[in-house]
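*Asks:* Sequence order for the protein chains is A and B. Under my numbering, the first residue of the first sequence carries the number 239, and numbering increases by one thereafter. Under my numbering, the first residue of the second sequence carries the number 29, and numbering increases by one thereafter.
Simulated from the structure, these hints should not be mistaken for laboratory data. Every clue listed holds true.
DSSO-like cross-link-like pairs, simulated, lysine-lysine; straight-line CA separation at most 30 Å:
1. 210(B) to 160(B)
2. 287(A) to 325(A)
3. 101(B) to 265(B)
4. 296(A) to 408(B)
5. 134(B) to 160(B)
6. 103(B) to 86(B)
7. 81(B) to 118(B)
8. 296(A) to 341(B)
9. 296(A) to 378(B)
10. 446(B) to 392(B)
11. 296(A) to 392(B)
12. 282(A) to 368(A)
13. 183(B) to 408(B)
14. 426(B) to 449(B)
15. 160(B) to 265(B)
16. 408(B) to 292(A)
17. 296(A) to 173(B)
18. 449(B) to 296(A)
19. 292(A) to 378(B)
20. 296(A) to 446(B)
21. 265(B) to 138(B)
22. 408(B) to 368(A)
23. 408(B) to 267(A)
24. 446(B) to 292(A)
25. 296(A) to 368(A)
26. 267(A) to 378(B)
27. 431(B) to 336(B)
28. 431(B) to 296(A)
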Amino acid sequence: MDIYAENILDHFRNPRNCGEISDATVDHKEENIECGDDLRLYLKIENEKITNAKWEGKGCAISQASMSILSEELTGMSTEDAEKMTKEDIYELLGVPIGPRRFKCALIGLHALKNALLKTNEKELQSWAKTIEMNNV
Amino acid sequence: MEKNIDISGIRAQFPIFRDSSLVYLDSAATAQKPQCVIDAENNFYENENASVKRGMYKLAERATEEFESAREKVKSFIGAKSDHEIIFTKSATESINLVARCQGEKFLKKGDTVLLSILEHHSNIVPWMQLKERIGINIEWVHLKNGELDIEELKSKIAEFNPKLVTITCASNVTGILTPYKEIISLAHSAGAKILLDAAQLVPHRGINVQDIDCDFLVFSGHKVYGPTGIGVLYGKEKLLEDMPAFLGGGSMIQEVTEEGFLETHLPDKFEAGTPPIAQAIGLGAAIDWISDIGWKAIEKHEEELRKYAFDKLSEIEFVEILPFDAVYPEQSRRTQDDMHIGCVSFITKEIHPHDLTEYLGSKGICLRAGHHCAQPLHKYLGHTASTRMSLGIYNSKEDIDKMCEAIAEAYEFFLGKSYK
Numbered sequence: 239m240d241i242y243a244e245n246i247l248d249h250f251r252n253p254r255n256c257g258e259i260s261d262a263t264v265d266h267k268e269e270n271i272e273c274g275d276d277l278r279l280y281l282k283i284e285n286e287k288i289t290n291a292k293w294e295g296k297g298c299a300i301s302q303a304s305m306s307i308l309s310e311e312l313t314g315m316s317t318e319d320a321e322k323m324t325k326e327d328i329y330e331l332l333g334v335p336i337g338p339r340r341f342k343c344a345l346i347g348l349h350a351l352k353n354a355l356l357k358t359n360e361k362e363l364q365s366w367a368k369t370i371e372m373n374n375v
Numbered sequence: 029m030e031k032n033i034d035i036s037g038i039r040a041q042f043p044i045f046r047d048s049s050l051v052y053l054d055s056a057a058t059a060q061k062p063q064c065v066i067d068a069e070n071n072f073y074e075n076e077n078a079s080v081k082r083g084m085y086k087l088a089e090r091a092t093e094e095f096e097s098a099r100e101k102v103k104s105f106i107g108a109k110s111d112h113e114i115i116f117t118k119s120a121t122e123s124i125n126l127v128a129r130c131q132g133e134k135f136l137k138k139g140d141t142v143l144l145s146i147l148e149h150h151s152n153i154v155p156w157m158q159l160k161e162r163i164g165i166n167i168e169w170v171h172l173k174n175g176e177l178d179i180e181e182l183k184s185k186i187a188e189f190n191p192k193l194v195t196i197t198c199a200s201n202v203t204g205i206l207t208p209y210k211e212i213i214s215l216a217h218s219a220g221a222k223i224l225l226d227a228a229q230l231v232p233h234r235g236i237n238v239q240d241i242d243c244d245f246l247v248f249s250g251h252k253v254y255g256p257t258g259i260g261v262l263y264g265k266e267k268l269l270e271d272m273p274a275f276l277g278g279g280s281m282i283q284e285v286t287e288e289g290f291l292e293t294h295l296p297d298k299f300e301a302g303t304p305p306i307a308q309a310i311g312l313g314a315a316i317d318w319i320s321d322i323g324w325k326a327i328e329k330h331e332e333e334l335r336k337y338a339f340d341k342l343s344e345i346e347f348v349e350i351l352p353f354d355a356v357y358p359e360q361s362r363r364t365q366d367d368m369h370i371g372c373v374s375f376i377t378k379e380i381h382p383h384d385l386t387e388y389l390g391s392k393g394i395c396l397r398a399g400h401h402c403a404q405p406l407h408k409y410l411g412h413t414a415s416t417r418m419s420l421g422i423y424n425s426k427e428d429i430d431k432m433c434e435a436i437a438e439a440y441e442f443f444l445g446k447s448y449k
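Given the sequences, and given the hints that come with them, work out the whole structure.
*Replies:* Put into structure tokens, the structure is as follows:
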């Protein structure tokens with residue numbers, strides 16, 4: 239099956255960076271109500287760098303694998319780079335074709351990231367529609 | 029003499045099953061169409077197409093005859109008294125909206141209660157919520173007990189809230205269990221309430237007689253009963269429909285239009301504004317003929333056997349939990365529910381998300397449905413966001429069930445990297 243490539247299955251069976259950060263700079267929860275995916279993202283940010291990223295969640299294989307794969311990228315990333323991440327970046331990381339039925343599953347991690355970062359800057363959170371629409375600048 | 033269903037004979041009548049690898053277990057979403065239904069629609073377009081109820085030439089007269097003959101077939105199919113009581117809409121959903129708007133807005137007022145069940149499909153929930161937004165009616169809910177509609181709760185809600193309307197599905201599109209709708213009609217009428225039955229899931233599997241059961245309104249969709257998409261039925265008692273204002277405004281539903289206003293026409297045209305779905309109605313008529321030809325006895329016998337087989341095979345898979353029994357009432361025996369069941373089974377597994385499982389099955393040509401099945405309140409009540417649903421149609425066989433169960437076991441290995449046994 240195209241969508242369930244080895245890397246997806248591997249991250250689903252052995253998700254990386256699961257857990258919480260007790261002294262997190264920010265934690266933010268997002269849901270994909272249609273699918274029943276939810277996740278809480280914890281970020282430790284020091285000197286405008288994400289020094290630690292952990293998450294807890296439940297949901298379909300795509301959502302869990304996607305967050306697991308994203309979490310590996312986040313550790314050590316500057317907040318500036320994290321803020322610039324797009325849905326295309328996620329699809330590239332996943333390396334599998336995500337169709338219209340599953341894109342919310344694939345993007346829940348990105349959505350949580352966007353809103354976690356907006357939270358740290360005390361800005362208004364963005365909607366799903368915004369996360370899904372964003373393209374490479 | 030009891031006819032037995034010859035599965036290969038039935039399947040051969042459905043062009044879609046020329047692809048013999050297709051295992052279609054999603055008939056609760058939409059049913060496949062036998063060639064005769066497809067032919068009926070095509071024949072109309074090829075040989076009889078004209079607008080109905082107007083036109084003074086043979087073709088138009090013929091089209092009108094065919095259209096009204098389809099109405100007669102629907103009338104006989106559900107045992108209605110008069111064809112004035114059969115309104116063609118585009119779907120069961122539209123039919124319910126019609127009642128909510130035309131019966132609801134005229135006869136209900138702020139504070140009046142409409143009673144729903146937690147089993148309802150969104151089509152029998154949202155129009156009442158919209159009515160609540162528009163005129164401030166009160167909505168009350170009846171929940172489940174041991175997986176079935178809680179009749180005691182229904183009685184107490186009726187006593188407490190004195191509902192003006194009770195609107196209930198005949199069978200759940202998630203659990204597949206029939207509601208005791210005959211008893212509910214009686215209870216509703218004793219309390220002076222009207223009753224609407226959503227028969228969308230029932231009519232492909234069981235006969236129904238609206239006069240015998242004395243329901244006030246009944247709805248169903250053509251595409252679930254082996255007919256075309258885009259055609260639905262509203263049955264309403266003649267007196268009730270007469271007292272209701274029209275739904276959509278336009279041509280056909282008027283006697284007269286002037287610069288000052290309009291006069292509605294008689295039933296059933298009053299509720300059929302514009303050019304109706306003529307070809308689709310004729311297709312539905314053909315589907316009804318086809319089912320009647322096979323007969324309910326043969327259909328029910330075949331489906332009962334298949335249903336029991338499906339339950340048995342699914343129960344053998346340890347990590348599968350069938351809703352609502354395993355999820356909520358583990359001590360209940362499924363077998364006792366067989367006769368009150370339409371062969372629609374929803375299940376979950378702890379280890380695999382329904383969307384993943386169903387996607388995996390789909391990749392093997394096994395068609396099930398994943399999600400909330402337009403019944404979010406029911407899923408929330410049962411404690412789940414989504415489930416995988418298998419639903420039987422007349423063309424399914426034990427082989428289909430075997431392939432599905434095999435693939436479910438494979439899916440476990442695929443996603444978890446180990447065998448479940």
